Amino acid sequence: MNAPDTTSAVDISPKGAASVRMRAVDKSFGSLTVLSELDLDVEPGERVVIIGPSGSGKTTILRVTMTLERIDAGTIQVGGQHLYHEETATGALKPASEKHIRNVRSNIGMVFQHFNLFPHMSAIENVMLAPVKVHGTPRQEAQQLGMELLAKVGMVEHANHTPGQLSGGQKQRVAIARALATQPSVMLFDEVTSALDPELVGEVLNVLRDIAEEGKTTMMLVTHEMGFAREIADRVLMFDSGRMIEEGPPSELLSNPQHERTRSFLGAVAEH
Amino acid sequence: MEDLLLTPGQYARLYNGLRATLQLLGQAFVLGIFLSLVVGVGRLSERKWVRAISFGFVEFARGISSIILLFILVIAIPILLGDIFPWVLGQPVIVMASIALGVNMGGYGAEIIRGSIVAIPKGQTEATIALNLNPTQRLRYVILPQAMRIILPPMGNLTIEILKGTALVAVAGGYDMMREVRNMEASMLAEGVIGVTALFVNALIIYFIVAQVINALFRFGERALDRRFEQREGRSAIPLSVAQPGGN
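These protein sequence lines map, in sequence, to chains A and B. First residue of the first sequence? That's 1 in this note's numbering, and the numbers climb one at a time after it. First residue of the second sequence? That's 1001 in this note's numbering, and the numbers climb one at a time after it.
Take these hints with a grain of salt, some might be off.
[As the list claims (entries may be wrong)] In silico lysine-lysine, DSS-like type, Cα no more than 30 Å apart, as pairs: (1) A:K99 x B:K1048; (2) B:K1048 x B:K1122; (3) A:K133 x B:K1048; (4) A:K133 x B:K1122; (5) A:K133 x A:K216; (6) B:K1048 x A:K94; (7) B:K1122 x A:K152; (8) A:K133 x A:K99; (9) A:K99 x B:K1164.
Quick caveat, the hints were computed from the structure, so don't treat them as lab data. Note that the structure is a prediction, hence the values are computed from the model and not measured.
Go ahead and model the full structure; you've got the sequences and the hints to work with.
See below:
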């Protein structure tokens, strides 16, 4: 073991926020076009909330950024590095190797609507997996990091519980701790409260607020919680049919939408 | 009732046969599990040629009856390939027979493994990608540990099928418990000794007991797996305080 550092605990702060740049991104599933010629810039540390009706492509934006789906055309850069391309000696772009994709992907973390916790691992084992197996962190250190992250999301008492024993909100808080354990520069949140009972939504939003307040991570969130979007977002993007049809600070876009489609969408959401 | 008991000498001969049967089963099982894993995962490979070879193996191993496979390996292969691979000529029948049964098990086992991997929700794989695990780590730490719960019951059944398949080795000229029973039967008939029925009943009971032991072992494995999905207690639990810097 390394000599213990007596002055501070393991540094669990992210490596530093990174930008996300998309240029002319296309993505279709069969004949269905989901993203079309999408340009999108997210600045380091920015908190962007993506809204829109189902089928508008908002979740796909997160999924192609996480490389869960591959894009058909265009480029995506994370922290200035191309995700799907490598630059040749002449400066031209060629398709990236899996190794390159893995390398850039290490800057990105994601939290899912349905948690996707590993059911055969306890909460702390879920959080420790990536640090130990991917980053080679010594177990003792990873355990300490894991407990600090579980403390951050208020789940220390449940460290030895498996997902089957946890409520939806508790599962999602563990999933957030698990994503934070890789210290991502960009965090993607895909409708992370949509599968929760209404009374459990607040505990998860509180954790997101904490992450946002630290301001060390770029956050891209897809959500239907408009009140939360208004509070947390630097910018709100309205998507429809694979295109961004309107964007602006939440105070403007949510209160005084310019686009007719945005108005009708916000009206429909507000009725609930 | 005592009509069904054999003499100690007869039991000694059955015991010799049983050891050969268990050796066959053990070797076939090890090969079968190995092939099941490799081919079952290969069936889901991103590479088309790996999928094609795996598919071909499964269809071959399942499509051909085990007794024909046994004859091929025990009799035909040494004749056909003996010149090119002298290795096969020197092999005892039990080795070639184990390979035949192992290939047979691998064909069915690969489908069990493939099916169990496919049954794991897609979100599990997506979470491993988000955590940047490599494909081997995804299988090793996340997918297979969950798939094992689905794999074990049918794999136990398959193992018992292979146990029964070992009796065919006697027909192909190999030595196992069934061969020993047939040898004993032949000498009893030649000597005019009665008790052939008792002999077969005893063999049946021994096969039944071995099958039950296999069942019990697999159920033990299932229970051990189930515990992974339950709260960590005792030594596998970690202390709930946020650890002190540097650990202990």
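task: Measure nothing beyond the straight line between the CA atoms of K133 (chain A) and K1122 (chain B); if it is 30 Å or shorter, mark the hint as holding.
output: It holds: about 21 Å lies between the C-alpha atoms, which stays within 30 Å.
- prompt: CA of K1122 (chain B) to CA of K152 (chain A), is that 30 Å or under?
  reply: holds, 28 Å
field: K1048 (chain B) paired with K1122 (chain B) [C-alpha distance capped at 30 Å]
entry: Judged against 30 Å, a Cα distance of about 21 Å means the pair holds.
message: Next pair to validate is K133 (chain A) with K1048 (chain B); report whether the Cα-Cα distance is within 30 Å.
response: holds, 29 Å
message: Against the 30 Å threshold, does the CA-CA distance of K99 (chain A) and K1048 (chain B) hold or violate the hint?
response: Distance of about 20 Å is within 30 Å: holds.
- request: Would you mind confirming whether the straight-line C-alpha gap from K133 (chain A) to K216 (chain A) stays at or under 30 Å?
  value: holds, 24 Å
field: Pair hint outcome, K133 (chain A) versus K99 (chain A) [Cα-Cα no greater than 30 Å]
entry: holds, 16 Å
message: Tell me if the straight-line CA distance from K99 (chain A) to K1164 (chain B) falls inside 30 Å.
response: violated, 47 Å
- request: Would you mind confirming whether the straight-line C-alpha gap from K1048 (chain B) to K94 (chain A) stays at or under 30 Å?
  value: Judged against 30 Å, a Cα distance of about 23 Å means the pair holds.
Hint 9 from the earlier list is the only one contradicted by this structure; the remaining hints agree with it.
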